[in-house]
Amino acid sequence: MTVAASKVRHWRRQPFIESAWLRWGLYAAALIYLALAFGSMQVNWVRLSEGVVRGWRFVEGFLHPNFTSRSEDIIIGLRESIAMTICATVAGIALSVPVGVGAARNISPRPVYYLCRSIVAVARSFQEILYAIFFVAMFGFGTFAGFLTITFATIGFLGKLLAEDIEDIDAGQVEAIRATGASWMQVLNFGVAPQVLPRLIGLSLYRFDINFRESAVVGIVGAGGIGATLNTAISRYEYDVASAILILIILVVLACEYSSSHIRRWVQ
Amino acid sequence: MPVSSATGQPEWSRRTSAEQLLAWFCWLALAAVTIAAWRLMTKDTIWEFVLSAPGQAADIGSRMFPPRWSYIEKLWWPMWETLNIATIGTLLAMLLGIPLAFLAARNTTPSFYIVRPLALLVIVASRSINGLIWGLLLVSIIGPGPLAGTIAIMFRSLGFIGKLLYEAIEEIDQSQVEAIVATGGSPLQVIDYGIVPQILPAVAGISVYRWDINIRESAVLGLVGAGGIGLQLDASLATLAWPQVTMILIAILSAVLLSEWVSARIRHAII
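Sequence lines, in order, name chains U and Y. Last residue of the first sequence: 268 (my numbering), numbering continuous. Last residue of the second sequence: 271 (my numbering), numbering continuous.
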């Protein structure tokens, strides 16, 4: 609150940072950083002006997508991508359940906990595409490497979230089942599973969606799917074909999101 | 609760028989679809290569160690570039994403039937396409280099920031907006004093979170020629210089861990 000299009281917003020195210091630091960062961009203005024309061609291509001239490649790529997504999601869920259970501190023994936690940590520390490079080097080019990449990434994602869910469950229900003399499997089945299953189903559907998007990318490093077709189209400057593929990807993602929200409502 | 008494004694089961049948049918359908997908996927798989994988893995593993530590000297500049791509990309995405979110939110959109669907379309398109694909496109449009990477990051983050933010705007407390309207505030003043203070923590949280993700993404953008440390990775992979690859992976991992720590600290301080 500041009072102006003319006896009219003016209200001014409180600044976010109290000390003026610190505030202006931070602004100055941000400006210096931005100047340095833009300096490191090495903008080539001649190339950029060419880019405007190409960019416009891409926009035109997006408005008139060409589905027909490479329809065969597109269909094969899309089919591979969807098959890869389905297999990787199913395998990923199947494997992430034991990993997730093992990585939950409250129900698994310490050595198993550390083992499963490290699996999750390894699967989450890099981008999928880096794992794809290694899987391609090991298993050869093609969809199988892509399938392994996406499965591995799914284990990291679902395993972590499932473990956190299990750690947050209501211990009373577990105790009640244990009090009836249930075995460890029965405790898991009747005490833990009912509490985490609805969210696991929701997350799995969400992951299906992510996996499809990923399956469109792993093709760039040779792991099969629509990404390879897209890569070829872009490197040939066939922006109309590339737009057609991008539109198909967007449509499939939309369909996945739409149906998964329906399934989630139906299950929960 | 389904209880049957077929044996004279009441017997509890989890589902009624109709539910049982439905569940069984769903599992059957899932299994059938998975097997079909598996056969389609592995049609062209060369199983000799798959079987030789353990040998390949051991071979690569033995080549990767020890990492070439001295290579770090050539990585400082690419790391700096990676950081810049992520930071400036996030800033640009915020610059465009915040207005986009206002256009897409149900309670602030200027027109429900024209502008809002368009804004949602932009958000969906941006979100559906991976950062690497944006990178591919932009490298082919404006040429290789960190600028293409920055714009790719911007396009990818735009939808993310837009979506999370418009959901935050839709959830604001309407009475504060009404209070500003009641004092005779213009539409811009309503946004400035009624809405912005409510969503500011969300803006900060979302952008720091996205910045953290963008550090990871910008580290691999170089694989398609869009600048950053990925360029070194691509070159080292192409020349099969595995000790350098290990060094680059260590560098990326430390950058990722550092950015995760920074973003956690900032989010903790703000929220």
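Take the hints with a grain of salt, since some may be wrong.
[Stated by the list, open to error] Covered by chain U, per the in silico footprint, the following chain Y stretches (three or more residues, Cβ under 8 Å):
| id | segment |
| --- | --- |
| 1 | 42-55 |
| 2 | 95-101 |
[Stated by the list, open to error] According to the in silico footprint, chain U covers these stretches of chain Y (three or more CB under 8 Å from chain U):
| id | segment |
| --- | --- |
| 3 | 106-118 |
| 4 | 153-166 |
| 5 | 174-186 |
| 6 | 202-215 |
[What the hints assert, rightly or not] Far from chain U, some chain Y residues (derived; all Cβ distances over 12 Å):
| id | residue |
| --- | --- |
| 7 | A37 |
| 8 | P67 |
| 9 | Y71 |
| 10 | K74 |
| 11 | T87 |
| 12 | W134 |
| 13 | L240 |
Source of the hints: derived by calculation from the structure; they are not laboratory data. In this text the structure is predicted, and so the values were computed from the model without any measurement. A virtual CB, placed ideally from N, CA and C, is assigned to each residue, including glycine.
> Which hint numbers does the structure go against, in order from smallest to largest?
Replying inline: 2, 3, 4, 5, 6, 7, 11, 12, 13
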